[in-house]
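Q: Here is how the chains run, residue by residue.
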Amino acid sequence: MTISLFIEQILNGLQFGVMLFLMSAGLTLVFGVMGLINLAHGSFYMIGAFAAALFAELTGSFLIAMIASFVAALFAGALTELIIIRKIYKRDHLDQVLATFALILLFSEGIRWIFGAYPLYLDIPNSLSSSFNLPFEIIYSKYRMMIILVGIIIAIILYFLISKTLIGIRIKAGQNDREMIGALGVDVTKLYTIVFSLGAALAGLAGALIGAIQSVEVGMGEPVLILAFVVIVIGGIGSIKGAFVGALLVGITDTMGRFLLPSFFSYFFDNASATSIGSSIASMSIYILMATVLIFKPSGLYGVKK
Amino acid sequence: MSKNSILIVLLILIIGGGTYYYLEKQKKDDVVKVGMITTLSGGGSGLGIDVRDGFLLAVKDNKNIQVLVKDDQRKPDIAVQLADKMTQSDKVDVLTGIIWSNLAMAVVPAAVNQDIVYLSPNAGPSALAGKGCHKNYFNVAWQNDNLHEAAGGYANSAGYKNTFILAPNYPAGKDALTGYKRFFKGNLAGELYTKLGQKDYAAEIAQIRASGADSIFFFLPGGMGIGFMKQYAQSGIDLPVVGPAFSFDQGILKAVGDAALGVKNTSQWSKDLDNEANKKFVSEFKSTYGRLPSLYASQGYDTGMLLLSALRNSSISDKDGFRNALKVADFSSTRGKFKFASNQHPIQDIYVREVIKEGDILTNKIVSIGLKDRSNAYVDACSLK
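In order, the protein sequence lines correspond to chains U and E.
Going by the working numbering, the residue at position 292 of the first sequence is 292; the numbering climbs one at a time, nothing skipped.
Going by the working numbering, the residue at position 367 of the second sequence is 367; the numbering climbs one at a time, nothing skipped.
In case anyone wonders, no lab produced these hints; they're calculated from the structure.
Note that beta-carbon positions come from the ideal geometry of N, C-alpha and C, so glycine has one too.
Among the clues, some could well be false.
Unchecked claim - Pair by pair, the computed Cβ-Cβ distance ranges are:
1) U:ASP95 to E:SER89: 32 to 40 Å
2) E:GLY290 to U:PRO223: 52 to 60 Å
3) U:PRO135 to E:GLY212: 40 to 48 Å
4) E:GLY290 to U:LEU79: 31 to 39 Å
5) U:PHE132 to E:LYS339: 34 to 42 Å
6) E:GLY212 to U:LYS87: 44 to 52 Å
7) U:ASP95 to E:ASN162: 42 to 50 Å
8) U:THR2 to E:ASN162: 17 to 25 Å
9) E:ASP272 to U:ARG91: 37 to 45 Å
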């Protein structure tokens, strides 16, 4: 194993991590502020990707496609919140799980009805399709580098939004005492709509960014949703900082596990069984990470003890 | 009107009605009920829809075949429920349609033991080809290993000496790498199992770059393959890629885009196969559904044609005769030559295709025959003769 391969894998882990962060930022706010378990968060990821594929086909511009993904998921989020989600805040978690699971089915079949059952085409722009040559003979894709940058920029913006602006202060206050900020004259329902749609929009953007290097198809959001839940549990529910740290931890653990474990086991077994055992354990690695974190910090790394 | 004439009219009515009823009942007995369980919603539904459309196209003119189509949502438990309902309350004679090997393993053994004939239009797990073969189980597509074996054979003839191979970590993925290694004579630069459903291959591609391989073989069906090919093209590595047709088929090529151009892939069928049955199939499929057929559609169509041929030469009420008629496979397949091995899996040519562009549309053309008259590795383990 060379040092350049190792560094390249760390970068891959970072890129995976920031993508998970975009997905889990909204999830953790919605869960933390409103106490809502939203299984349909993955659907906004899918909606973003399909909107991007549609607009990339219509306009040929990648930038417009990315903006479209953000806007489409923002609107889908706002509509869902206004029509359905706001009626279930007060219900218990089981009702919320059932209702948002129903939403997954509605969104998936709705998308399939409009776009058909076949994966859509969305590719990265030519200007980003080549690779950088970094020192130590590291070759790294420009597009993945851009995802890392976009993720970090959004993390910084969110940090300022939450800690320095009025709306951020209200969100935090809402997390601590919902009734009190209502009593102080803050329009809680409006605040909830904003938070929910912003989270959906970030998920949509993540779907579009990732859809361009993976595939745009029905049901693409659910596997990512599971990882996003792992991230927010590790980071502590409701904490943006926790989501960021948790996402990077999960991203790097998963990538390095997939990379290192099979070669580790090849010291003990023949090659075919080593890769098979190694990759089986690698797919458990993030859950082992989650369990370890929860043993020492039961409410997550940055979670508030209740 | 006299009493007598009233009696006569009544008599005529009774006899007439009775005859009519009898004839109708006769007709009903001739109706063959086919239960199709396939994936029509969610991820992977493109495959099921193609199999269904191909099958329905084949049987559309036959009024005696009644097809019941149900969606398994790619979930084994739902497939089992549907199969139970179809066999017990709908009383189907024939089951077909399942795409995924894990679903087939959940449904097929129970169904064939209840004397239901199962015609597989896609999944061909090795467990059903060897010891677990059954007189009621016919695979019309391929045994799972077949296309990968041809890929291994092709890699030899292309002169590859050091291949990096990868597949998802589940039974069909292991069958795939086993099949490839069965025929490939060179060295392995690396062997990797990825997580089923994984979409990001940055970590694997980095290892391919570092491995010093001279070629790559991968089996990543559906969305997994789309992600891999796009990321591979962006990585700037330009080693030749070989794979089974599943990642380069009509339903998927549009989403992969130009990254797939020139890739060699192995398939038992191709749109440009030069035989009458295939020409008819391709043009009818295009005019009926407005899209190009995929290999899954061809498998669905061949399944339908096989069923029709067996019904022409036998009756469904005579199960032994029906099975024999199926086994003879007296139909003109879209693949040209087609016959069954003793374990009731196809003996057929596996072709090497190349992804090309016809105008704006990405599609495949045949470049050579990968394996001629290929049967499968499990024939001897099966007790059927």
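Q: Each hint: holds or not?
A: Okay, the hints, checked on the actual structure:
1. U:ASP95 to E:SER89: 32 to 40 Å: With Cβ atoms ~33 Å apart, the hint holds.
2. E:GLY290 to U:PRO223: 52 to 60 Å: For GLY290 (chain E) and PRO223 (chain U) the Cβ distance comes to about 32 Å; the hint is violated.
3. U:PRO135 to E:GLY212: 40 to 48 Å: Hint violated: Cβ distance 22 Å, outside 40 to 48 Å.
4. E:GLY290 to U:LEU79: 31 to 39 Å: 32 Å, holds
5. U:PHE132 to E:LYS339: 34 to 42 Å: 55 Å, violated
6. E:GLY212 to U:LYS87: 44 to 52 Å: 60 Å, violated
7. U:ASP95 to E:ASN162: 42 to 50 Å: For ASN162 (chain E) against ASP95 (chain U), whose Cβ atoms are near 57 Å apart, the range 42 to 50 Å is violated.
8. U:THR2 to E:ASN162: 17 to 25 Å: 18 Å, holds
9. E:ASP272 to U:ARG91: 37 to 45 Å: 58 Å, violated
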